[in-house]
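Using the sequences and the hints given, assemble the complete structure.
Protein chains: 2
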Amino acid sequence: MRYIAVFDHFLNRRHRDQITKTAADLGFSVTYCTTVDDLPENERGRYEVLYGNPAPEILHLFPNLKWVCVSSAGVDRHVDDSLYPNPDVVLSNSTGSYGVTISEHVLMMTMMLLRNMPAFQEAAREHRWHGPLPTRAVYGSRVTMMGTGDIGTAVAQRMKALGAASVTGVRRSVKAADPAFDRVITFRELDEVLPETDILVSALPHTAETAGVLNRERIGLLPDGAILVNVGRGTVLDQDALIDALRSGHLAGAALDVMVPEPLPADHPLWDAPNLLITPHISGNMSLEHTCDVDVDLFCEDMARFAAGLPLLRAVDRKRGY
Amino acid sequence: MRYIAVFDHFLNRRHRDQITKTAADLGFSVTYCTTVDDLPENERGRYEVLYGNPAPEILHLFPNLKWVCVSSAGVDRHVDDSLYPNPDVVLSNSTGSYGVTISEHVLMMTMMLLRNMPAFQEAAREHRWHGPLPTRAVYGSRVTMMGTGDIGTAVAQRMKALGAASVTGVRRSVKAADPAFDRVITFRELDEVLPETDILVSALPHTAETAGVLNRERIGLLPDGAILVNVGRGTVLDQDALIDALRSGHLAGAALDVMVPEPLPADHPLWDAPNLLITPHISGNMSLEHTCDVDVDLFCEDMARFAAGLPLLRAVDRKRGY
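Chains as they are written, first to last, in our numbering: chain Y, 1 to 322; chain S, 1 to 322.
In short, the hints are calculated from the structure, not lab data.
Keep in mind it's a predicted model, so treat the numbers as computed, not measured.
Hints may contain errors.
The list cannot tell twin chains apart, which means a pair is met if one copy fits it or any two copies do.
Claimed, not checked - Here are the simulated lysine to any residue pairs, SDA-like style, with alpha carbons at most 25 Å apart:
1. 319 - 118
2. 160 - 297
3. 160 - 22
4. 66 - 10
5. 160 - 177
6. 21 - 67
7. 175 - 127
8. 160 - 180
9. 319 - 82
10. 66 - 310
11. 66 - 35
12. 160 - 261
13. 160 - 209
14. 160 - 223
Next up, the structure:
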């Protein structure tokens, strides 16, 4: 018998049954736990696989570990080789689970900013019937989508379905992308497309290459009235430059689901920046049942490949960071 | 020369140029005014056509009126025959202008309710990092769309593009509808579909038939956790029953862009109903330039038909009310 430990914070009965049955068919026994303390010390040596959200600092406690599958898309907390009992442990993520929920979050935030929704909500809190305000639409807007993976593709498809004038994908290297992208460019060409961007969305992970990509100079390249939505990682963005661009009115608005630091302290200036919508890193959490369903499906799919000694479909390059 | 008066509250220079040129080519001269007082009394007899938002009570001041084209989709203020100098005056509306802007409003409101956005906004106002909340998505939801015209169709297309499990259209009589509707039923079958509705949207006009359609009994037929969005006319809905359904938690939320009365008085109980988002009848106003562009295109299109003695494409049946 081989052993899998699942760090279970989001699974329902149906998900656990699916994992247990898939594992049994492949010769694995599954232990469900909340933290590592639920697993007796003298038994940790049996686990080859961890799934869910194991804390990075506990990975080295599993001497015979071969595979860590995190239930998130972002793996920045798990990429440091020194976390692992040996360098051959494979890390995989759950890219593919989050496209639906994060893309709906992006659309919602984009439209709230384009339609001046916060001003109408403020009036409603005061029982005040507000007059019309300038309104814009996704329809006819030029969208630049940083990141063209699962999340970026789901956003692009929806923006296109709503009639965006153009959807430009930005990624590390040019590869075939979903037809919802009118074109895909690399970061080297980003400065050319920013001045023609009405809606800038980032779903970029945190890596050495993405950190600080949206710096003050690039924010300055956006046209007056542009909006910015970040659902990737907060390190991509110069937050001080964003605050300045919102205060000056250069940007019409922004929505951050990710920022530095998280949680954001109560006295942080981001909270009071004008036309900034802050959500507490919830655009892609496991609150949506569909996300959990897909996450479990993807884990079970890679479990079969692991059992057969095949490369995992969602293996992460720890050096590259995604 | 024949004469057109345009009651101009939303046109830019480009729109006026387009109207003036189209009219000139067809033998019409155009006067732009804000109110009827801008038109000398002794000249009112020359106007055959009014376009824009002429107040209902001034229509009878134009003895030779033949056509009134309102720039809105709703015509409830203009359907009373006694408003007109003679019963042969044709009334038309601007259906076709509002699909984009109102459908984006509906999507935004729907996702704000499904994703518990107001709770996150309240926490953000207090600089509080809120934990995750239950989240739902348009993806996988069952949508019932009351009204299958321009607005209903635009909503259906977008819901379908986002992966709604089903989109059922509800209308007066079964007619061919856009393929985004999985099926179209009549009001007689509404009671059967309500228990299987996660997202109920109304874009119904005010008519003798639609008034009170969403009564207490029908709201009661919706499943627990359903949400309701009204962008048509407020008279469709029993507002007291909605408040009760929100207070009891039967409905998860609602969004009203239209209500009775408008403007809503500051002491009206709707303002404080839980999980109710109120906007001041702005989902389809002329703040979006695209809406104005299409509105002018449609007027010019029907102007050519009027000049040629052809039936207007958007003529309204005043008895039916739309």
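Hints, one by one, checked against the model:
no., hint, verdict
1, 319 - 118, "neither (41 Å within a copy, 40 Å between copies)"
2, 160 - 297, "between (28 Å within a copy, 24 Å between copies)"
3, 160 - 22, "neither (37 Å within a copy, 33 Å between copies)"
4, 66 - 10, "within (23 Å within a copy, 66 Å between copies)"
5, 160 - 177, "both (14 Å within a copy, 22 Å between copies)"
6, 21 - 67, "within (19 Å within a copy, 71 Å between copies)"
7, 175 - 127, "neither (52 Å within a copy, 41 Å between copies)"
8, 160 - 180, "both (6 Å within a copy, 16 Å between copies)"
9, 319 - 82, "within (12 Å within a copy, 78 Å between copies)"
10, 66 - 310, "within (13 Å within a copy, 77 Å between copies)"
11, 66 - 35, "within (19 Å within a copy, 78 Å between copies)"
12, 160 - 261, "neither (33 Å within a copy, 37 Å between copies)"
13, 160 - 209, "neither (28 Å within a copy, 37 Å between copies)"
14, 160 - 223, "within (21 Å within a copy, 32 Å between copies)"
Figure legend: structure checked against the earlier numbered hints; hints not met, in rising order: 1, 3, 7, 12 and 13.
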